[in-house]
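All chains should be modelled from the sequences, with the hints used to inform the complete structure.
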Amino acid sequence: VIPAERLDQAAAYALGAVDPSDIPGFEAELARSEELRREVDELRRVTGLMALTVAPQAPPPRLREQIMTNAHAAHPMAAVRSEPRPPGAVLRRRSSAWTVAPWILLAAALVGVVVMRGRVAQERDQRIALTQVTDSIRITLAARDSVLATLLAPDVETVKLVATGKPPSARMYWNRASNRVILAAFALPPAPSGRTYQLWGIAGANARPVSLGTFNTAANGEGRLTAAVPPGLSISVGAITEEPAGGSPQPTTQPFMVGQVKTAQ
Amino acid sequence: MPATPTVVSTPPVLDPAVIARLVSGDETALGELYDLFGALAYSLACAMVTDPADAEEVVADAFAQIWRSASTFDPSRGSVMAWITTIVRSRALDLLRAHRRRAKALEQAVAISNDGSLPGLSAGPEPADRGVEQLEAATIVRRSLAALPAAQRQVLELAYFGGLSQSQIATHLSEPLGTVKTRMRAGMEKLRHALGPLMEART
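Residue numbers (the working numbering), protein chains in the order written: chain A, 676 to 940; chain B, 20 to 222.
If you're looking for bench data, these hints aren't it; they were derived computationally from the structure.
For every residue, glycine included, the Cβ atom is placed at its ideal position computed from N, Cα and C.
Check each hint, because a few of them may be wrong.
Partial list, derived from the structure: chain A residues whose beta carbon lies under 7 Å from chain B [stated by the list, open to error]:
# : residue
1 : Ala-687
2 : Asp-716
3 : Val-721
4 : Val-729
5 : Pro-731
6 : Pro-734
Restraint-style ranges between C-beta atoms, simulated for each label pair [stated by the list, open to error]:
#  : chain 1 : residue 1 : chain 2 : residue 2 : range
7  : A       : Glu-832   : B       : Asp-54    : 53 to 59 Å
8  : B       : Ala-72    : A       : Glu-832   : 51 to 57 Å
9  : B       : His-212   : A       : Ser-923   : 35 to 41 Å
10 : B       : Glu-46    : A       : Gly-869   : 49 to 55 Å
In structure tokens, the structure reads:
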């Protein structure tokens, strides 16, 4: 179930009306929640239809010519490598296309792979491949924005969580201003089937652990969790336990990694 | 798009293959896309910027972006029309920001009244060159928007056509931010409900 506040923001997001300061937070949530993405997609269909209400105006014929001339001078993204923009193209704002360059090449490769197949299958495959690539780009970019916003702040606590032996290790970044944490785990084998890792924030010696979210690691032992810290929780210790899939309200196993916030209040 | 006129009220539907051709760099696909959505894109731009030359620039910029970034369009996540109108709207707001101007709709709303409506958005006769499906859909959407409580319609229009954020709308209307947020969501929910058949028919 999507919280009411997020539903408010989803409506505003589809209208392009989220306040700029709230956009990174919302997009990070969007990257996490498929349910929220579906909500935004549907609301965007509504706003797309709103365009139909404007007073119709006939464009001058030269506009089509200009658009076709511009297109002839430029390349679609799937065909772009790293060459500079051809002269005459109208696009003045280059946005941040470079950040998605590897995905563009991947998209191009995926499109290339299916060329030999039947036309119907080819189109379906292209759509699926592009959907996957687009989703990946969207999620990657939103997650990256969120990570940068959390890390690049003056008031960030760094917590190193260590196990008894050498590996695995983890580092937790707590941005007090935005009250978000990012956990980066290394050399931690993926949790067994049906199990997950869960990060806890603990305020003090006798405080109950508060769940900050669940995560798992990839085959290379690396995993990352980005989470909002519940308001009012002043973390003095971060801890990781292994829990049943979906996580637990309270830890059911002993933490195998713990770390203390250096400047805990 | 069906070859014969139809009474089914749907926005223009594009053959998905056109997008695939667009992604593969087929310029004629861009022409087809423009023929179907160009008038709508231009009309939207005209509703947002005052100078027709600016509207042309907005549409040219938008279609340049559409051409270059067709591979990022995801048919499973939304309609072609929503994709195109989103890009046109963004380019229009960029242009307004660059020229430090306010959206045309906003100027009109300020100049005329506080009755909640944005005049001029839906005025004027329907031109013959807009497809019958688009006409039908436009009528439904217009009616649905008009059926909203004025205060809800106002925040939707100020956001979409005026390019204002929720805080800016709150300031503009001298209303609490929470009220604006509530109205916006309520308005969108009602509109979504009213336009449901239109959205289903299209997908």
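Checked hints:
Against a cut-off of 7 Å between C-beta atoms, the interface hint on Ala-687/A holds, since the closest Cβ of chain B lies about 5 Å away. The interface hint given for Asp-716/A is met, as the beta carbon of that residue sits about 5 Å from the closest beta carbon of chain B, less than 7 Å. Against a cut-off of 7 Å between C-beta atoms, the interface hint on Val-721/A holds, since the closest Cβ of chain B lies about 5 Å away. Using the Cβ-Cβ criterion of 7 Å, the hint placing Val-729/A at the interface with chain B is satisfied: the shortest such distance is roughly 4 Å.
Contact between Pro-731/A and chain B, as hinted, is supported at the beta carbon level, the nearest pair being about 5 Å apart and thus within 7 Å. Evaluation of the Pro-734/A hint against chain B yields a held restraint, the C-beta minimum of about 4 Å falling below 7 Å. For Glu-832/A and Asp-54/B, the Cβ-Cβ distance of about 57 Å falls inside the hinted range of 53 to 59 Å, so the restraint holds. Between Ala-72/B and Glu-832/A the beta carbons are some 53 Å apart, a value that agrees with the proposed interval 51 to 57 Å.
Distance hint for His-212/B and Ser-923/A: a CB-CB separation of about 39 Å, consistent with the stated range 35 to 41 Å. One distance hint, 49 to 55 Å for the beta-carbon pair Glu-46/B and Gly-869/A, holds here, with the actual separation near 53 Å.
Violated hints are absent here; each numbered hint is respected by the structure.
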